[in-house]
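Peer 1: The primary structure of each chain is shown beneath.
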Amino acid sequence: MSANTYQLTAKEKRFIGWHFIFAVAALAIGSLFGPFQAMEHAGWNFYDKFLNHFFHSYYEGLTLHGVLNALIWTTFFITGFLTFTMIYGLKRPLRYPKLNALGWWMMVVGLVTAAVPILRNQASVLYTFYPPMKAHPAFYIGVTLVVVGSWIEGYGFYLTYYQWRKENPNTRTPLISFMALITMVMWQIATLGAAAELLVDLIPWSLGLRAGLDPQLDRTYFWWTGHPLVYFWLLPAYMSWYAFLPRQAGGKLFSDSLARFSFWLFLLLSVPVGFHHQYVDPGVPEGWKMVHSLLTYSVFFPSMITAFTVVASLENAGRNRGGKGLLGWLAKLPWNDPSVLAQLLAGILFFFGGIGGLVNASYNINLVTHNTAWVPGHFHLTVGTGVTLTFMGILYWMVPYLTKRPLWCKKCAVVQVWLWFIGMIIFSNAMHVVGLLGAPRRTPLGAAPYIPEEWAGHLLRVGIGGVILLFAVYLFVAVMIGSVLTKKKLSEEPEPPVADSLLDPQTTPRWLDRWVPWLVGAAILLIIAYGPQLVYQISTAQFTSPPFDQIFGG
Amino acid sequence: MANQRESMHIDPYERTWILVSILMLIVFFGAITVAGLSFGVRVPDPVARVNPNKLEESITFAEPGLKEVAPKRYEAYIVAQTWTFNPAEITVPAGSIVKFYVTSRDVQHGFKLQNTNVNMQIVPGQVSSLMVKFDEPGEYDFICTEYCGIAHATMYGKVIVTP
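So the protein sequences, as listed, match chains P and D.
Going by my numbering, the first residue of the first sequence is number 1, and it counts up by one from there.
Going by my numbering, the first residue of the second sequence is number 1, and it counts up by one from there.
Think of the hints as simulated: they come from the structure by calculation, not from any bench.
Sample of chain P residues lacking proximity to chain D, with all beta carbon distances greater than 12 Å (derived):
1) 12
2) 166
3) 522
Between beta-carbon pairs, the in silico distance windows are:
4) 15(D) <-> 286(P): 28 to 38 Å
5) 334(P) <-> 7(D): 24 to 34 Å
6) 133(D) <-> 481(P): 56 to 66 Å
7) 39(D) <-> 355(P): 21 to 31 Å
8) 8(D) <-> 91(P): 22 to 32 Å
We put the beta carbon where it would ideally sit given N, CA and C, even for glycine.
Next up, chain P with everything else stripped away, as it sits in the complex (with noise of 0.2 Å):
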């Protein structure tokens, strides 16, 4: 394997770390409020007894959950894996670093930005900020910046990567660093829909520039962004599990063929389909409604191919270590490495994430849950396990290969995993049902005056998987901060497990490594898919909505 390896430079790993310090540093604040919007529901109301002190209201709490773990924690994260996987799969340092350090400091700078407005109570509007809620403009600045970081460290990797292409014609891309590429070019198209709707509507209207909005366009640019935005958190999940976990879990990887089909499917279908989120909206027709939902099913097929492939090189793995039977490999598999655990169990919980997500992209079965508790129980088994148990498993091997420092308190890293596992089986099952019995999502339900007797139980249930919850992270905290402040130092570099393919990727299909076809078939796909429907909200727009700030309270 030595032949495989290449060293990254201290300054490297240094840029690398400083992308997971700002996301674990937001996970640890945003996860803050999660348990207490759990414990809230259960009628535990800390809001108006403690956290008073320091913050202005429930929903201020919830912008910061929101905007914290699941634009920051993960963007974030991201941004410095994927900057990972570039430069140690092709082998070769980024070709402009400063261009890549310049699209960093643009998302510090956003970040701080937006921070400060939501900690005055200036836009609680959450993490979809819908107009003509109106949040202070430098809330809606500070996410454009983070959003335009990110690309800059995209046009960073496409020009590593073009500079390579010239030195290797002939070689089929490092998977790593393909799929990375792939999940930068799908968020790039994805947050056309934010740019448009930030740069065009929120940030004139929000300094005055501009009189009113047409609400209803602003969702159907938001929810451009807003569905693909799940799988730029959900590829690099992926990536790790097609490509990190086989290796960590001592097997290769089933197929590369078809990890690399299902890659470029998510770049294909992952846009085209944000109307699935606007089922019960009265300004789109039925009839696009349904054409999303046709496309929405089809991205469950790339996800299916990796279900397959996942669990293939896992079996690989468990019979390279003795497994024998028809299920006796699963056992020999490493449960004890908290990173494997951790991906493993992520990889459990998001089985039934997927099936909730097929539930809710159902077109009229939406109906029972849009808007309920059952969405955000259904996004903490996706985004909240799938995605941020992965991201926390891959940081266990990741950390002591960028310091040199082994990971501290291994066991903790164990117990804070089944943790994890634990309290979401309980808060997420909880949320589901008492979705499916009615109760609305965002809402403080201790001070709903609808409640019917038969939620108790469900609600008390969400506070307590929120409590477990609440432990979970912050002894994920801790790990990190010992394994970096650790004294202890090991002898050599540990090697970032990359996984072999069964087969060699040369003799994967050479059109599975040509950028064109697949970047004109989404195009074409997302102007059938939006081209109409935009076309007609954009020339019948009523721009009648002014902003409304005044209804944040506190």
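Knowing the structure of chain P, use the given hints to seat chain D on it.
Peer 2: Structure of chain D alone, referenced to chain P:
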């Protein structure tokens, strides 16, 4: 490295798995289509536009409320605003078919009629509409399901269905 021929290398099990996945999706899509077309489980479709700043000039929303259009057939015009529904209570006899038309005077709201298939996003400038038949007498809460400001949790109304 004996065989350098390019191919997808799809395992027979994986081929089966892929076919079953596709079949499953076709069945699911068929099911929701049948539910939508044959059983009338509909999602909102555009019905009208209004100016949220001039609802008092609108023919239908100037005086929101319940209108009987035929025996046991009603249209309910409701305005959502921070943090109430107007009207917050309507009464119909059991067996009634009610078509709801809901709009917003200010920010976005939600309109979820508990224990029915009525669930709508309320967007200023748009009118959201769905129809429901009330067979069982009782009280049906309609609650705001979209965050609309600090007192969002208190925003609800009810349909009283009399025997």
